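Asks: Sequence:
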Amino acid sequence: MIAAALLALFVVFGMSGGGSFGELMTEYAKDPIKTTIVDEDRRKMALKELGSLKDAIKDFNKHVSKDIKQFEKLVKKYDSTPEEFDQMFSSVLANNKQNVEIIWERRSAMLTHIQSDQWQSIISSAKAAQEQEQAKKKAKAEKKAEAKKKPKAYPL
Numbered sequence: 136m137i138a139a140a141l142l143a144l145f146v147v148f149g150m151s152g153g154g155s156f157g158e159l160m161t162e163y164a165k166d167p168i169k170t171t172i173v174d175e176d177r178r179k180m181a182l183k184e185l186g187s188l189k190d191a192i193k194d195f196n197k198h199v200s201k202d203i204k205q206f207e208k209l210v211k212k213y214d215s216t217p218e219e220f221d222q223m224f225s226s227v228l229a230n231n232k233q234n235v236e237i238i239w240e241r242r243s244a245m246l247t248h249i250q251s252d253q254w255q256s257i258i259s260s261a262k263a264a265q266e267q268e269q270a271k272k273k274a275k276a277e278k279k280a281e282a283k284k285k286p287k288a289y290p291l
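For what it's worth, our numbering labels the leading residue of the sequence shown as 136, then goes sequentially.
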């Protein structure tokens, strides 16, 4: 029962170790689209559809956050019942299915303006930008942690 509940959590909430769902698209794809798509009309349309896709992903993440809070309430509630969990999971699955369909439609609309070789370049560039930013954040955190370790020197 516990293993099934944990599996359901991963399936329902799409937990994948850090960051929100769709972070690569919402944070890092705009600039590569601007530089990769030469045709101005297709570039404008792709960016417009990217904005729509970002909105759908943001809504999805907002719903997931609410679902997690609802789940936490049920876990903390002493007398919660299996039926309450079943009802919550059924509702979450239905909502996620609908949200994923919207995301898929908007992604497909965006891709009508992007050629497959361009898409590969966009994704590669977005991943590289994401990795570079994560490396900067890690270095900054390490530097901050190191600074905390050093004893402060006080003048005599």
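Read the hints as simulated data drawn from the structure, not as lab findings.
The structure presented is a predicted model; accordingly, all values stated were derived computationally and were not measured.
Hints are not guaranteed to be accurate.
[Said to hold, decoys possible] The calculated lysine-lysine pairs, modelled on DSS-like cross-linking and capped at a C-alpha distance of 30 Å, are: (1) Lys193 - Lys275; (2) Lys262 - Lys273; (3) Lys232 - Lys193; (4) Lys193 - Lys212; (5) Lys284 - Lys193; (6) Lys179 - Lys169; (7) Lys283 - Lys169; (8) Lys165 - Lys193; (9) Lys197 - Lys273; (10) Lys283 - Lys165; (11) Lys273 - Lys165; (12) Lys284 - Lys271; (13) Lys189 - Lys284; (14) Lys179 - Lys204; (15) Lys262 - Lys285; (16) Lys201 - Lys179; (17) Lys179 - Lys189; (18) Lys169 - Lys197; (19) Lys212 - Lys183; (20) Lys204 - Lys272; (21) Lys179 - Lys193; (22) Lys232 - Lys212; (23) Lys271 - Lys169; (24) Lys169 - Lys204; (25) Lys273 - Lys283; (26) Lys285 - Lys272; (27) Lys273 - Lys284; (28) Lys169 - Lys284; (29) Lys193 - Lys183; (30) Lys201 - Lys273; (31) Lys183 - Lys197; (32) Lys212 - Lys189; (33) Lys283 - Lys201; (34) Lys283 - Lys271.
Asks: The structure should be examined with respect to each hint, and the outcome stated for every one.
Replies: Hints and how they fare:
| no. | hint | in the structure |
| --- | --- | --- |
| 1 | Lys193 - Lys275 | 27 Å, holds |
| 2 | Lys262 - Lys273 | 16 Å, holds |
| 3 | Lys232 - Lys193 | 15 Å, holds |
| 4 | Lys193 - Lys212 | 29 Å, holds |
| 5 | Lys284 - Lys193 | 38 Å, violated |
| 6 | Lys179 - Lys169 | 8 Å, holds |
| 7 | Lys283 - Lys169 | 41 Å, violated |
| 8 | Lys165 - Lys193 | 15 Å, holds |
| 9 | Lys197 - Lys273 | 26 Å, holds |
| 10 | Lys283 - Lys165 | 37 Å, violated |
| 11 | Lys273 - Lys165 | 23 Å, holds |
| 12 | Lys284 - Lys271 | 20 Å, holds |
| 13 | Lys189 - Lys284 | 40 Å, violated |
| 14 | Lys179 - Lys204 | 38 Å, violated |
| 15 | Lys262 - Lys285 | 35 Å, violated |
| 16 | Lys201 - Lys179 | 33 Å, violated |
| 17 | Lys179 - Lys189 | 15 Å, holds |
| 18 | Lys169 - Lys197 | 27 Å, holds |
| 19 | Lys212 - Lys183 | 44 Å, violated |
| 20 | Lys204 - Lys272 | 28 Å, holds |
| 21 | Lys179 - Lys193 | 21 Å, holds |
| 22 | Lys232 - Lys212 | 27 Å, holds |
| 23 | Lys271 - Lys169 | 24 Å, holds |
| 24 | Lys169 - Lys204 | 37 Å, violated |
| 25 | Lys273 - Lys283 | 15 Å, holds |
| 26 | Lys285 - Lys272 | 20 Å, holds |
| 27 | Lys273 - Lys284 | 17 Å, holds |
| 28 | Lys169 - Lys284 | 43 Å, violated |
| 29 | Lys193 - Lys183 | 16 Å, holds |
| 30 | Lys201 - Lys273 | 29 Å, holds |
| 31 | Lys183 - Lys197 | 21 Å, holds |
| 32 | Lys212 - Lys189 | 35 Å, violated |
| 33 | Lys283 - Lys201 | 36 Å, violated |
| 34 | Lys283 - Lys271 | 18 Å, holds |
This entry does not satisfy hints 5, 7, 10, 13, 14, 15, 16, 19, 24, 28, 32, 33, going by the numbered hints stated previously.
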